[in-house]
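Here is what each chain is made of, one letter per residue.
There are 4 protein chains.
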Amino acid sequence: MIVVMKRGATPEQIEHMIQRVERLGLRAHPIYGAERTVIAAVGEKRDEFRQSLESGPGVAEVVPILAPYKVASREVCNEPTVVRTGSLTVGNSHIGVMAGPCSVEDEDQMIATARAVKAAGATALRGGAFKPRTSPYSFQGLKEDGLKLLALARAETGLAIVTEVVASEDLPIVSRYADVLQIGARNMQNYRLLEAVGAEGKPVLLKRGPSATLDELLLAAEYVLNAGNPNVMLCERGIRTFEAHTRYTLPLASVPWLHERTHLPVVVDPSHGTGHASLVAPMGAAAIAAGADGLIVEVHPDPESALSDGYQSLDLEQFEQMMILCRRVAEAVGRTIVAP
Amino acid sequence: MIVVMKRGATPEQIEHMIQRVERLGLRAHPIYGAERTVIAAVGEKRDEFRQSLESGPGVAEVVPILAPYKVASREVCNEPTVVRTGSLTVGNSHIGVMAGPCSVEDEDQMIATARAVKAAGATALRGGAFKPRTSPYSFQGLKEDGLKLLALARAETGLAIVTEVVASEDLPIVSRYADVLQIGARNMQNYRLLEAVGAEGKPVLLKRGPSATLDELLLAAEYVLNAGNPNVMLCERGIRTFEAHTRYTLPLASVPWLHERTHLPVVVDPSHGTGHASLVAPMGAAAIAAGADGLIVEVHPDPESALSDGYQSLDLEQFEQMMILCRRVAEAVGRTIVAP
Amino acid sequence: MIVVMKRGATPEQIEHMIQRVERLGLRAHPIYGAERTVIAAVGEKRDEFRQSLESGPGVAEVVPILAPYKVASREVCNEPTVVRTGSLTVGNSHIGVMAGPCSVEDEDQMIATARAVKAAGATALRGGAFKPRTSPYSFQGLKEDGLKLLALARAETGLAIVTEVVASEDLPIVSRYADVLQIGARNMQNYRLLEAVGAEGKPVLLKRGPSATLDELLLAAEYVLNAGNPNVMLCERGIRTFEAHTRYTLPLASVPWLHERTHLPVVVDPSHGTGHASLVAPMGAAAIAAGADGLIVEVHPDPESALSDGYQSLDLEQFEQMMILCRRVAEAVGRTIVAP
Amino acid sequence: MIVVMKRGATPEQIEHMIQRVERLGLRAHPIYGAERTVIAAVGEKRDEFRQSLESGPGVAEVVPILAPYKVASREVCNEPTVVRTGSLTVGNSHIGVMAGPCSVEDEDQMIATARAVKAAGATALRGGAFKPRTSPYSFQGLKEDGLKLLALARAETGLAIVTEVVASEDLPIVSRYADVLQIGARNMQNYRLLEAVGAEGKPVLLKRGPSATLDELLLAAEYVLNAGNPNVMLCERGIRTFEAHTRYTLPLASVPWLHERTHLPVVVDPSHGTGHASLVAPMGAAAIAAGADGLIVEVHPDPESALSDGYQSLDLEQFEQMMILCRRVAEAVGRTIVAP
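Residue numbers (our numbering), protein chains in the order written: chain U, 1 to 340; chain G, 1 to 340; chain L, 1 to 340; chain C, 1 to 340.
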């Protein structure tokens, strides 16, 4: 850390801060500039002490130098993590594609979708059984019945199942059926849930919260990793900005930025990231060009009759076209969408 | 709802959408404009069907007309809700001030703080025992020991206790000690937790998520209200924007905007809303001038040694000065900070 | 427009608004719903009257239906605009790549860069002679001497010249040398300048302001088009959001969104859009996958010694690698980077 | 500046950067930490060299220590600037209130408004004659005829005139009539215009751009100050965020933040800052409680018939009520609205 003193800081204040830094077990290197004094605190244990130093007398600000996450960092492990479960492989040069409806609705829908997305090249099936909904008056999901339909579709097609878990108390039932546990954007900082899926051990798809920084996303991953589960996929699904023409703003630069800093694979969700079916395929292709290790896409046999998210769901034919495009872009950038 | 058709929409598409609207049990009023056709859907049940209509053929967009929340709305109850528990009264012309440390640390800290904030005019004591922390390596709170110290401080001073509950499974223990259950910003859309505090019945302080719209905040309140608990205080604590000089951006216009739409009281948190001790008092005074029904403020006897949030905590003397300022502004706008 | 009345609006207020709508020359269609009345105003002249209706008695809000821009709209002209000047072709399936330094510095730099970017496949040369700088103490550009160096580089390589004009009074001198007039992000709403480049007639590269909506970008283009100049290229260069790890957030979904609504070509600037050299190539490739009609990229023979923007400039070798990648992605999505 | 090297930076890269720092005329203090090396560059000339260092080999980032502005800084002049012209005094404990219509429309409107706002306690008259409009199809202002009407209203009431100048070429005519030259938000970074009003010398009201950081606002002020004009008022008028319920988000914490860093007075615009007439008075009062040195408010005798911004304009009666509220809050915080 660098402790930056205010311009008028007194020698007593500077001395006080040097002593505080040293009492924290760090070495203090004061540097006396023309206008300001800064104190470099070396041997730092990341940002643990940053906050307490910031309220010191005469301190203007404290600038962190080290990233706050550890286990997720490339500095700790430079080998890319590859997550594998059943039909799904995500990471390194393998691209996984998870496709399916927002909500599990009924058997016909699930089986038809599972077969069609598999035929088009998807490598896993997504579908929501426990649904977190903005309004208490919206459809809340089929719960265990939904999980059973997902398992049925897996039996039918061999596709691995990706489904959301919204609360620690649901984890036993959800993990009985799921291959990948999805943590939704609203729960990215539900630390109790992160610890629980960390202890459970199944692969986790961790969605970025719409106002989370990438450091916060990596720290959320750190909760799972730290609980002993190394199989974490990060998922960029768009952030909240002033832009109103898309549902969220999908900042694809987070893909190469994350790849520089973490060994964890990065999946992109162009469905939530745009909120409009017509924008999903171009943004899916762009995500792959930017280096994404996977896509998660909402697909429904009849979007108009979907119980949720129809406006951003592709129909089966649109998804097939998207996969043709994505395979070509993947090949152009030297990657492959792994056949299940 | 208004279903806006694309410019080139065919008569068949328009007819299809009219029938879909009617099949939903709504009346369809098509209006044929010079350039576009719109279909007004009357008798609407809020935005429940909006999403499914949006994916209809030839549809450009669907514009909602009714607010998505009900019980929270002034249209349902125009009488301001007043939340009362022990020393705390919040709502209508009564301003409550909840003050105390970010984290409960030890008995001396709690008793000293409780006495001082009471003397300065606070009407409730805040303090965190279960702490949600961005990093798994940060101090996570004293848990039940912290709750006991809060209860001790209440016994000592008579101040009502405001403390956060972070998970449904902690609710029995937290509600044994707390007078007000705080739902933190990260949990604003933890629906399972909202339903649980709704069923519990104690007053709830619901903090706005940093990227939540005000409609989403009101829908989160609706989860609590809908579970049978009418004692909900909304809390504006700042949003994430491009501004980096403050920790969050505190948009005080949400106070009068909420007052126009909901009967629930609105509390402001100038500590998290700014992230700098020197900005807390002016923004607290501004919140009251804007019509806030309460403040929640971080106060610590020695901010420099606080285990969390020291940089935004007032010391006891600063809090006393702030209360003098706030009382004068409250009086200027015809309100009072209720003495406990 | 749809005039939405408040829940408690009186019959007199509704009647008043019907008459106001009709006095504006529009037809009023009132629709009386269960909870609210809305008045559809048909024959509307876009949002000209929206503001005045919004302050009417009993009005909750006024919802626009038509896009506010006209000439830029696909509804007016569905044929994609192709901008051609010298070596540069942008639009339809032709991708143009404009590359070069942020600032023109000296002859050696310009000639070396021009030759290298041409060899790598760039189809135009960019370089700033008049520089708008955030600080009055930063390098402000070589002005006419810079323009002369650009002309020299064009004579040497045949590459068309793209350079910024920052004020109407500079237009005569800049247009004497430039092939494409760039309007910088800070000037996107400098309407006097937009009218001036509209009257001048040379192709315009119009950069999106960092907080401009896409409607505002299209309305800025409308100023140029309306002044008689059809050769406008829109440029997405990133927006201001809470994300601090990149200089701006590059929302590539604006590419397909704009293509749905306007016939004007869309160029992407991955240099300003990310602010880090290592992120430029993946985001350039992603932009092409998303359908961009062009790229504008900062390239410098020695980024470390650049007088501006070195941290986001590619060196000559990096640019060559980027072009290899981009050509492959362009081919994958059925487009070509036109050889000059 | 602090040059932070990457974790794997080689001794050669570190040595290279030390030499680069010294070649810039700065002293280099390398500090070798457990995980990283940082180089403190002392004697720094603000951020002039920051960009070039950032592209050095092995550099992770460069952290600035000094604020980039100089003349605007409290570190250079700690005495609050007070701007005085005719009836208007802004700064220190004097609050100025500039009120009037968005656009000058006709003589009756201007005279009626000027008399009424003066009677209610306004200390200057605002009104737009040259209007920058988002759409080329909107009313563009009366231009010189509007300026003449403003002068007439000044003759009638003695109120100083605040009006916008949108282009350097209009400056001679605008400054012939105006007492205060307003630089609109869209022109905050129109540096040529800033230099021109800097040379002209009349007081300047500089509005913050909707995506400008406060450092950028202060650097824009620096352009004016640096051209020799010390009479600059900063104006917070709201920023673009994801919040859609207000036209902009008004972040009042910028008032005390700016007061800590600059001696220039800070004015708040609650009309543009909220975009809804009903939110203007509470946010005006809040601005004063937060320490604002002035307000600028849109007032129109008949907002419903205003040619622009009617939805956010107060009528004469509403403005009178607002002034009563603001005077009481000003008194509560120890300030006065100076009678003209």
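Calculated from the structure, these hints are not laboratory results. Treat the numbers as computed from the prediction; the structure is a model and nothing was measured. All C-beta atoms in this analysis are idealised placements derived from N, C-alpha and C, irrespective of residue type, glycine included. Be aware that one or more of the hints could be misleading.
[Stated by the list, open to error] Straight line, CA to CA, 20 Å or less: simulated DMTMM-like cross-link-like pairs of lysine to aspartate or glutamate:
id, chain 1, residue 1, chain 2, residue 2
1, C, K202, C, E144
2, U, K6, C, E75
3, L, K70, G, E35
4, U, K148, U, E195
5, L, K6, G, E260
6, C, K202, C, D215
7, G, K202, G, E169
8, L, K70, G, E75
9, C, K6, U, E75
10, G, K70, G, E35
11, U, K6, C, E79
12, G, K70, L, E61
13, C, K6, U, D215
14, G, K143, U, E195
15, C, K6, U, E195
16, L, K6, G, E79
17, C, K70, C, D108
18, C, K70, U, D302
19, U, K6, C, D215
20, C, K70, C, E320
21, G, K6, L, E35
22, G, K6, L, D302
23, C, K6, U, E260
24, G, K70, L, E79
25, U, K70, C, E61
26, G, K6, L, E169
27, L, K6, G, E75
28, U, K6, U, E79
[As the list claims (entries may be wrong)] So the derived list for chain L, only partly shown, Cβ under 10 Å to chain C, looks like this:
id, residue
29, Y32
30, S55
31, R74
32, V76
33, C77
34, S168
35, Y177
36, R186
37, M188
38, R192
39, F242
40, P303
Comparing the hints with the structure gives:
1. C:K202 to C:E144: holds, 18 Å
2. U:K6 to C:E75: Satisfied, since the Cα-Cα distance of roughly 10 Å is no more than 20 Å.
3. L:K70 to G:E35: holds, 12 Å
4. U:K148 to U:E195: Answer violated: K148 (chain U) to E195 (chain U) is near 25 Å, above 20 Å.
5. L:K6 to G:E260: The given pair, whose Cα atoms are some 12 Å apart, holds under the 20 Å limit.
6. C:K202 to C:D215: It is violated: about 23 Å lies between the C-alpha atoms, which goes past 20 Å.
7. G:K202 to G:E169: Roughly 16 Å between the alpha carbons, so the hint for K202 (chain G) and E169 (chain G) holds.
8. L:K70 to G:E75: violated, 39 Å
9. C:K6 to U:E75: It holds: about 10 Å lies between the C-alpha atoms, which stays within 20 Å.
10. G:K70 to G:E35: violated, 35 Å
11. U:K6 to C:E79: holds, 18 Å
12. G:K70 to L:E61: holds, 19 Å
13. C:K6 to U:D215: It holds: about 17 Å lies between the C-alpha atoms, which stays within 20 Å.
14. G:K143 to U:E195: holds, 17 Å
15. C:K6 to U:E195: violated, 31 Å
16. L:K6 to G:E79: Measuring from Cα to Cα gives roughly 18 Å; hence the hint holds.
17. C:K70 to C:D108: Given that 20 Å is the threshold and the Cα spacing comes to 45 Å, the pair is violated.
18. C:K70 to U:D302: Not OK: K70 (chain C) and D302 (chain U) at ~62 Å, beyond 20 Å, violated.
19. U:K6 to C:D215: With a Cα-Cα distance of about 17 Å, the restraint between K6 (chain U) and D215 (chain C) holds, given a limit of 20 Å.
20. C:K70 to C:E320: Given pair K70 (chain C), E320 (chain C) is violated - Cα atoms ~40 Å apart, limit 20 Å.
21. G:K6 to L:E35: violated, 27 Å
22. G:K6 to L:D302: violated, 51 Å
23. C:K6 to U:E260: The given pair, whose Cα atoms are some 12 Å apart, holds under the 20 Å limit.
24. G:K70 to L:E79: violated, 47 Å
25. U:K70 to C:E61: The hint holds at about 19 Å.
26. G:K6 to L:E169: violated, 42 Å
27. L:K6 to G:E75: holds, 10 Å
28. U:K6 to U:E79: Distance ~42 Å between K6 (chain U) and E79 (chain U) Cα, so the pair is violated.
29. Y32: Constraint on Y32 (chain L) not satisfied, violated at 23 Å.
30. S55: holds, 4 Å
31. R74: Nearest chain C Cβ about 18 Å off; hint violated.
32. V76: Hint on V76 (chain L): violated, closest Cβ of chain C at ~14 Å, above 10 Å.
33. C77: violated, 17 Å
34. S168: holds, 7 Å
35. Y177: At about 19 Å, which exceeds the 10 Å cut-off, the nearest Cβ of chain C leaves the hint on Y177 (chain L) violated.
36. R186: Where the cut-off is 10 Å and the nearest Cβ of chain C is about 4 Å from R186 (chain L), the hint holds.
37. M188: With Cβ-Cβ at 8 Å, under 10 Å, it holds.
38. R192: holds, 4 Å
39. F242: Holds - the Cβ of F242 (chain L) comes within 10 Å of chain C, reaching about 9 Å at its closest.
40. P303: holds, 4 Å
Violated hints, listed in ascending order, are 4, 6, 8, 10, 15, 17, 18, 20, 21, 22, 24, 26, 28, 29, 31, 32, 33, 35; each of the other numbered hints is respected by the structure.
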